[in-house]
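> Be aware that the sequence shown starts at 32, since it is given in the numbering used here, and climbs by one per residue.
Simulated from the structure, these hints should not be mistaken for lab results.
Among the hints, erroneous ones may be present.
Unchecked claim - Pair ranges (Cβ atoms, derived):
| no. | residue 1 | residue 2 | range |
| --- | --- | --- | --- |
| 1 | Thr-253 | Asp-274 | 50 to 58 Å |
| 2 | Thr-275 | Glu-176 | 48 to 56 Å |
| 3 | His-316 | Ala-277 | 41 to 49 Å |
| 4 | Leu-403 | His-214 | 20 to 28 Å |
| 5 | Ala-91 | Pro-281 | 45 to 53 Å |
| 6 | His-74 | Lys-471 | 43 to 51 Å |
| 7 | Pro-227 | Thr-376 | 39 to 47 Å |
| 8 | Thr-376 | Lys-343 | 14 to 22 Å |
| 9 | Arg-223 | Val-262 | 26 to 34 Å |
| 10 | Lys-471 | Val-267 | 31 to 39 Å |
| 11 | Arg-468 | Asp-349 | 16 to 24 Å |
| 12 | Met-32 | Glu-315 | 17 to 25 Å |
| 13 | Ser-213 | Glu-423 | 34 to 42 Å |
| 14 | Ile-84 | Asp-322 | 44 to 52 Å |
Quick reminder that beta carbons are idealized off the backbone N, C-alpha and C, glycines included.
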Amino acid sequence: MFFRDRLAELVHGIRYAALPPEVIHQVKRITLDTLACAYGAFHSEPASMVRAIARDLGGAPRCSVIGTAEKTSCTLATLVNGTMMRYLDGNDYYFGRDSAHPSGNLAPALAVAQHAGRGGRKLIEAMVIAYEVQLRLCDLTGVSERGWHAGTHVQFSSAALAARLLSDDRAVTANAIAIAASHNNTLAQSQRGNIPMMKATAEATISKGGVEAALLAARGLTGPEEIFEGVAGWNVIVAGGLDTDALTQPCNERYRVMDACLKPFAAVAGAMAPVQAAIDLAAEHRFDSGDIEQITIKLPANAAKKASGDPKKLVPHDKETADHSFHYCVAVALLDQACGEAQFTEAKLQSAAVRGLIERTGVESNDALTALWPGSSGGGVTVRLRSGALFEKVYEYPPGHPKNPVSDADIERRLIELSHGVLSRSAAQEVIDAVWRLEKFEDLALFAAVLKTGA
Numbered sequence: 032m033f034f035r036d037r038l039a040e041l042v043h044g045i046r047y048a049a050l051p052p053e054v055i056h057q058v059k060r061i062t063l064d065t066l067a068c069a070y071g072a073f074h075s076e077p078a079s080m081v082r083a084i085a086r087d088l089g090g091a092p093r094c095s096v097i098g099t100a101e102k103t104s105c106t107l108a109t110l111v112n113g114t115m116m117r118y119l120d121g122n123d124y125y126f127g128r129d130s131a132h133p134s135g136n137l138a139p140a141l142a143v144a145q146h147a148g149r150g151g152r153k154l155i156e157a158m159v160i161a162y163e164v165q166l167r168l169c170d171l172t173g174v175s176e177r178g179w180h181a182g183t184h185v186q187f188s189s190a191a192l193a194a195r196l197l198s199d200d201r202a203v204t205a206n207a208i209a210i211a212a213s214h215n216n217t218l219a220q221s222q223r224g225n226i227p228m229m230k231a232t233a234e235a236t237i238s239k240g241g242v243e244a245a246l247l248a249a250r251g252l253t254g255p256e257e258i259f260e261g262v263a264g265w266n267v268i269v270a271g272g273l274d275t276d277a278l279t280q281p282c283n284e285r286y287r288v289m290d291a292c293l294k295p296f297a298a299v300a301g302a303m304a305p306v307q308a309a310i311d312l313a314a315e316h317r318f319d320s321g322d323i324e325q326i327t328i329k330l331p332a333n334a335a336k337k338a339s340g341d342p343k344k345l346v347p348h349d350k351e352t353a354d355h356s357f358h359y360c361v362a363v364a365l366l367d368q369a370c371g372e373a374q375f376t377e378a379k380l381q382s383a384a385v386r387g388l389i390e391r392t393g394v395e396s397n398d399a400l401t402a403l404w405p406g407s408s409g410g411g412v413t414v415r416l417r418s419g420a421l422f423e424k425v426y427e428y429p430p431g432h433p434k435n436p437v438s439d440a441d442i443e444r445r446l447i448e449l450s451h452g453v454l455s456r457s458a459a460q461e462v463i464d465a466v467w468r469l470e471k472f473e474d475l476a477l478f479a480a481v482l483k484t485g486a
């Protein structure tokens, strides 16, 4: 059996009826958190651009654009909604050999479920499939070590979930995976130096390709049989080696969706623990920024290397680069006791107070935190005052990690806050209520109708 067919067997072996209650609830938590990120990015430049493109291109108006009463084609809805979900850099994450923001799979899942007339149970099933495929690939490959964007794995998860929503035919899923893998490998240069706006569109563009692959496969288009194991296949050219047996093992007792970490802050994933530590120190000790002599960010070894290895991120000049700067995020968190949208304005980016703290900030590798990597992206902050006083806070497990989870109430609060200006308070509550009863919707079009504008 070709490897693509073995992967299709895994995908079709995941069924809603077999999912434990805690897995179903986790998908709802992720859905609510990811929708919050989408609403928070609604007025951003990239979101406005992709909505304009969708209007220009038209297409069958079958799938909803989050935050509006508009509908567009299945593929364009994936691009538009996926861009909004990713822009703030507030959606979930995972660290293996490669990193991931797997909640980006919600965009193709919502679009294809509407397109195919599926219900909430099928959407939940599709999300579990996506996380299983993507996070296994993150653990078993290291495409980012070879210059590929880690979002490359989304081509497999999006094609798999889309094919599963469209058809019960395993051959359709196998061909969708093969078609997607032929066309959607993505370079990591978009994450280097001054990060461009297109960062927000990376996973959305890849998953759009995955959806297109599934639609083509459902129509009968075939993909290469040896897309993985062939002499010019993905395993050889992109992955550089892959344990295919481990990737296609049936699901054990723990579904991989349970391993996702939710972000309490809109910043680079590895900064969650240091940012929380900075906020805690500022709240507890209320020191004046002018009294700070030195700030040290404590990180696992590879995160420390990443945090200090790109000079353009040390003093960022735009939002996209700032939210990937450990130095900036910790400095602004110490000053504002927050790290959200208000901390990435042009005025804040140019703030002399922020820049002054960045100049006094360094990064240090910590052995205890390194020992926990990649199972945890812990971190901490040490602040030394000019008086000699020393304050430190370290989180072995960052807020939002499965061992240090955010509450359902926190996620609800986040949606209400981030949707302000897009949804009215009552409309936001309607979205929250709809997500918690997602499995009750027999037609996703009825669920998607709740995601409209209501400001």
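> Taking each numbered hint in turn, which are not upheld by the structure, reported in ascending numerical order?
1, 2, 4, 5, 6, 7, 10, 11, 12, 13
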